[in-house]
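J.: Put the two chains together into one complex; each comes in its own frame, and the hints tell you how they fit.
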Amino acid sequence: MKRIRRYLPALFLFVVVLLLWELIIVLFQIEQFLLPAPSVILTAFYENLDRLLHIGWFTTKEALGGFVIGCSAGIIVAFATARWSTISESLMPFAIAANSVPIIAFAPIVNNWFGVDNPLSKMMIVAVIVFFPMMINTVRGLTLVDPAALELMRANAASEFEILWKLRIPNALPYMFNAFKVAATLSMIGAVVSEYFGGNRSALGIFITQEAAQFRFANAWAAIIVASIVGIAFYVIVLLVERLTIPWHSSMRGGG
Amino acid sequence: METPVVALNGVNKIFNHGSPNQTVALKDIDLVVEPGAFISIIGPSGCGKSTLLRLVGDLIQPTTGEVQVKGKPARQARLNQDYGIVFQAPVLFEWRSILKNIQLPLELRGSSREERDRRARDLLGLVELTGFEKHYPWQLSGGMQQRASIARALAIRPELLLMDEPFGALDEMTRERMNMELHNIWRQTETTVLFVTHSIAEAVFLSTKIVVMSARPGEIMQIVDVDIPIPRGEKTRQETAYFEVEREVRGWLRRAEGYRA
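As given, the protein sequences belong to chains A and B, one line each in that order.
Reminder that position 44 of the first sequence reads as 1225 in our numbering, one-by-one numbering, no gaps.
Reminder that position 78 of the second sequence reads as 86 in our numbering, one-by-one numbering, no gaps.
Hints are computed from structural coordinates only; laboratory data are not their basis.
Cβ coordinates follow ideal geometry from the N, Cα and C atoms, glycine included.
You can take every hint at face value.
Calculated cross-link-like contacts (lysine-lysine; reagent style DSS-like; alpha-carbon spacing at most 25 angstroms):
| hint | chain 1 | residue 1 | chain 2 | residue 2 |
| --- | --- | --- | --- | --- |
| 1 | B | K108 | A | K1347 |
| 2 | B | K142 | B | K108 |
| 3 | B | K35 | B | K217 |
| 4 | B | K217 | B | K78 |
| 5 | B | K142 | A | K1347 |
To give an idea of the chain A side of the interface with chain B (calculated C-beta under 7 angstroms), a few residues:
| hint | residue |
| --- | --- |
| 6 | A1330 |
| 7 | L1333 |
| 8 | A1336 |
Just chain B, same shape as in the assembly (with noise of 0.2 angstroms):
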């Protein structure tokens, strides 16, 4: 068997362990994530999906239990930078043009000035904003600023994308157009992908898996098997088996949200 590109065994995660008003937001999360997946986290507001994504990026760490990324400890891997990271905000820092943005990963691993400029470039080609390369990010629309902080994150070609609620400020039509750009470049880089998300269709659209999340404290439900065709497309959305698996979602959703109230 293939090295999981995401192990999580038995974790759980409470905020100020001990104190009076301590939360459990994560309890007893399992979950392997192998190469080359989309996998999509789900579930009702405060469940802790983006608490989740931070463990795996070892931004926080758990209370208990462990989490291994490419087999290697969390922190270890965040050290190697491993992943690529994308939050709800684009966080580009406005004091960096568009091109010098995309290359900080890359400055802070030490590339060779030559390898930063030539593979920004690229970048800017896969996510559409060639001819972008000198603007600064309030010169971009919310939309570009996203594709511009997408570039960074895969600047040091991570086997692993972490992408928190990406598309969350976007309106309808935008995210529509970035859940297509998303999927062509999940295909092209065959990256794995961890994707918060609260918008069930896009949870679909993108994704090989769902994880359902309980409300608080948050626990995985059900894992859904999305068996749509690869590579998906305009017409994946009027699929009957893009229904059914948007149906069966919504199912868990709901039961999710009703879990402890």
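Just chain A, with the same shape it has in the complex (with noise of 0.2 angstroms):
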């Protein structure tokens, strides 16, 4: 109950700009292909829910399996480079700098390389965006370790491994899922976006453009309304896990 009463006001206000939405469209006659009612998306959505669920998934299994090819190369990249500081440290300010690049730009030039049609174009860039911020939060999650932490590992006659496994990691988690947190949202937004630059037909970026092209706005808002639902559902999920991996951390004790 009490959960419920935390997010009422926030669902009153999505009812009210709703509601604002649809009135303020029929109040000044806005047109259709500026900004379509509230209404008529809810309308086109359920016209073309199997389209809508089919193309879904299918862009949704791109963002997912770019997710986890980028993470899994992010962090074997990480725990290798952390292994030796002055490898990390050399390597840093790249990824750093590397993480800043608009990557979705490649996405032609990526096309081509895998081609246009081919789902796995989509998954690297994919990949590629969410690698950098998995991997500089990795590589500080296991380096920014408090120091006296160490001493007590050491004092203890700690291996290096033991050290890894029993302090390293643990302190890694919370950083590791705040990337996981940021690469949700960011593979989802990159694979529409890089559907954008062509492919199969069959995905949410290509019949956004195809529909806006054809002055079905309403079509498109319902396809944005799908990545958008998919987007979502996808952080909450890494909350969940994130929940149940570290209840202990300092960001999971407000509820408690």
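T.: So, in structure tokens, the structure goes:
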């Protein structure tokens, strides 16, 4: 009950915004191609439900694939470099610089590498996008360890492996979950936007561009809703896993 | 003669040795700690008292000289888990329950599960934290956290306990209560304690000997014997002997601060 009451204001705001939106469009007679009313979008959503679910799942798979590949690679590289501090110190500036490169700009080139219709080309874009935040955060989590905690481990004759397993990895988990959350959001954005540059027709990004080109804006909006729902769901799943994995962390204490 | 628990022989510690900004942290330190002693190290801030403690724990190495613990080189003693250590911060792992935190040194030693559980529960009783086994560090007050960290240091039944200003972050009342508890723990466990502090009151109350160090470069100025009967208690702080030792230590500290200034 408490939880429901906590989310009540947000829910209320959501309904109010939708009603205002509907009202403004009726009152000011705004043309549909500029901004369709929520009721129109909802109708389009139901009329195209089968299609939307199909293409939504297709894009979700791309996002998921990219997420798994990118995060795994990020974690592996982070562990490899954090082991040798000189490597990670020399690599980190490049990783941070690469993190601010608009990777999505490479989409047409990557389409060319793996084939424009191949879902792998989208997965690779997503993978590269999520790789850098994942790697940077994992390296930070593994290396930004309380010096006194390291002394404590050494005072107790801990081996390098024990320090990694009992100190560095638990210390890195909150950092890694932050990266997972960023990656979850980025992966859906990355998948949809990289589809804008062409590819398999049964994909959300392609659907949005095509419907928009033919002035069926309500359909485009319906597809955007699907992308949003998947993106939010992805984020919430990561949040739940985080809660189960690191219940001890300070960020988890709010609801306790 | 019994083997001293700690023996420092002509120890010098120079940070950034050979570079233009080198700092002499410790100079010509000779110190012998007998079994069962409670030795406090006191001195102006930056005099290298923590450095001295870390040398004994082999967490840093001397530039010259020799550090022995229980008759072995400090490194060997560290690898044998011959000492327990308590820092100014409790340094509890936030992902471990209090019980699991206390068991950490035993885990690293490879003790069996039953032994770890038994030992940790005994220790929780000793530091009066029974009932907090399953709590996480953030659920405990600062004083309770520090008690848990003392229990962790005692887990391996060390003959030597190194303490680096363990009560420095606590308020005065909590600190006095913790002093009393530490005194009782020391008597019960018969552990030798090397205790770094900047509180004269604390040093006098707890110690059998007080090592007064001078400002940088840290040298041992004077070793003050504390002839106050043991066990000590609430009344100790009102005894004449207590005031006399306190005055003596204070006098040496004044000179220590002005020593190089």
